[in-house]
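Q: Protein chains in written order, with our numbering: chain A, 780 to 1122; chain B, 780 to 1122.
It cannot be assumed that every hint is accurate.
Treat identical chains as interchangeable: a pair holds within one or across any two.
[Unchecked claim] Pairs of lysine-lysine residues, derived as DSS-like cross-links and limited to a Cα-Cα distance of at most 25 Å, are as follows:
1) LYS903 with LYS878
2) LYS903 with LYS973
3) LYS865 with LYS973
4) LYS973 with LYS957
5) LYS878 with LYS865
Quick caveat, the hints were computed from the structure, so don't treat them as lab data.
2 protein chains.
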Amino acid sequence: MRVLDPAMTLAIDCMGGDHGPRVTVPAAVDFLKLHPEARVSLVGLEEAIRAELRAASAEREPRLAVRHAPEVVAMDEAPAAALRGKRESSMRIAVEQVKSGAAQAAVSAGNTGALMAISRFVLKTLPGIDRPAIVSVLPTLTGSTYMLDLGANVDCRAEHLLQFAVMGSVLAAAMEHKERPTVGLLNIGEESIKGNEAVKQAAGLLRASGLNFIGNVEGDGIYRGASDVIVCDGFVGNVALKTTEGLVQMLGAFLKEEFTRNPLTRATALLARPVLAAFKQRVDHRRYNGATLIGLRGIVVKSHGSADAFAFRRALERAQAEAANDVVGCISRRLAPVVAEAG
Amino acid sequence: MRVLDPAMTLAIDCMGGDHGPRVTVPAAVDFLKLHPEARVSLVGLEEAIRAELRAASAEREPRLAVRHAPEVVAMDEAPAAALRGKRESSMRIAVEQVKSGAAQAAVSAGNTGALMAISRFVLKTLPGIDRPAIVSVLPTLTGSTYMLDLGANVDCRAEHLLQFAVMGSVLAAAMEHKERPTVGLLNIGEESIKGNEAVKQAAGLLRASGLNFIGNVEGDGIYRGASDVIVCDGFVGNVALKTTEGLVQMLGAFLKEEFTRNPLTRATALLARPVLAAFKQRVDHRRYNGATLIGLRGIVVKSHGSADAFAFRRALERAQAEAANDVVGCISRRLAPVVAEAG
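Next comes chain A alone, as it looks inside the complex:
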């Protein structure tokens, strides 16, 4: 990820996630160390944040500011309640800093539904976009792929899938510096007659879109690296993503069981440790942490709730890179002719 303009500020919801400031603050401190021109705005309960800054010996870091927010959105809170009832939440204030221009991106490990509701309300969607989507980078056999939607929209019409394709394509182009990223439509067969109604109609729209549409991609195509962008509705995308999580856990557990079966296998494990560590690092989901709420007039990145400091820092780096590559501007420009035509 090439960074064009690193002199920017990230607004961090320090209270979100399973661990709150205990993870978010050290991650922010590490992030500043690795990115000497970046700045962060730490939003949340001031006392808790200051305590973590002291623990990290970072109280006097000039590139950070603490912004007190008296309220916290709970992980299981209804999005509508968080939106209407907690106007002083750390999540809300972090997103508002993007709106005001005080920050170029917001990052939160909090409640996904609440973050989406607040972001839509505060930032609004881009002209030409009906619904923001959740997009994430996944590793593949040949590199990586941008997949969306991963859970924001459960009942999608064909036009929504087309909008996801446009956004994903622009995002992949901006972030990976590919001129015409390939776009695949997630389906249950490669033939164009396959799929549910929305997907069949979407294929028609995609063929006429001017995007580099390569046709249907089956589930196994995701990790084969069949296309740079994979488009699907949020229900299917979320299931695919979480199936991946569960499967990786199961395979990891089985591998561990085999290596700890008896003294001989345990000795083998000791010898194989460097290789297994390299493998583990390579498939470490923490490296891919940070899903973008795309389609908004501003950058909002969602970290996994269970992220540790390493994973949360990766989400910060994703937000920074998207801001540096002006992802929102790129999408707006791509949509301008569509919007002009519709208007």
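Assemble chain B onto chain A, guided by the hints.
A: What follows is chain B alone, placed relative to chain A:
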């Protein structure tokens, strides 16, 4: 899988799959060796089948019969064309042997769509079932789970999901000898407010169904073993299954790359070979080969098209076990009160 009555005949479509008789015939011969009271009807081009029987020195095996079928359904043939245009196909004749009672189950590695179309036409669906589904056993952290639908039905209403749940539950009960298998509804969140419309309505039907419904299960719950049965529409199920295939391939390739990186890692691989072999065997998808077309008035099992003889034999064993456990009778009895009420 307890086998109650092994004296039965399986009708095998020998021409289906990527490899045809070269795989299906040796698999059938192995199957007979391992199951001394089983019988098979080998359906397909007689010459090709006899050649493979000679190669396997099994020409005089008294427990097998060869039934010539002059036509073959191609792997990419449209289901309607296969159904209407090829009444003498090996696939059709194998299924007809189930209909006539000459065989207790049919197995094919051929074209899934054609197999479903032919099976529905020849066998018909059970009373109370609108649409047959495709169900398969998947390994989990704690054992295994029955997941359906895996691709037969892409646009499902809530009632279809309920029917899948009933069939999956009866199948798991009959095959695993569990009295009240737990049923989970695949969804994108555990809260009941989540999901698309069909899933939300299905949750209501499932709660009222008398099944052992445990609520929503997220994608990671599949391999965690969250429930004995996982219900979803065929689009989502197919994507989840194929995502699994792609991910396992990718992880396998990465693991291999790490173990072949340099002479030292290659030496480690040599030492770790028994452990890696045990792991590989444990996650070997071939062991789980054989998806059942459920909801029909007869047993039809679909093998993966790329199955080798070991994998195809596993599909034969699945068909045999389902016949032995009278899965079709169990489902009919479970549905009888529902049908009586509706009538």
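Q: Now tell me, hint by hint, if it's right for this structure.
A: Verification of the supplied hints:
When the C-alpha separation of LYS903 and LYS878 is checked against a cutoff of 25 Å, the pair qualifies only within one copy, where the shortest distance is 9 Å, while the shortest distance between copies is 60 Å. In this assembly of identical chains, LYS903 and LYS973 lie within 25 Å of each other by CA distance solely across copies; the values are 23 Å between and 35 Å within a copy. Taking the shortest Cα distances, LYS865 and LYS973 sit within 25 Å of each other only across copies (22 Å), while inside one copy they are farther apart (45 Å). Proximity of LYS973 to LYS957 under the C-alpha cut-off of 25 Å is found in neither arrangement, the shortest distances being 29 Å within a copy and 36 Å between copies.
Taking CA atoms no more than 25 Å apart as the test, LYS878 paired with LYS865 passes inside one copy only; the shortest distance there is 17 Å, against 64 Å between copies.
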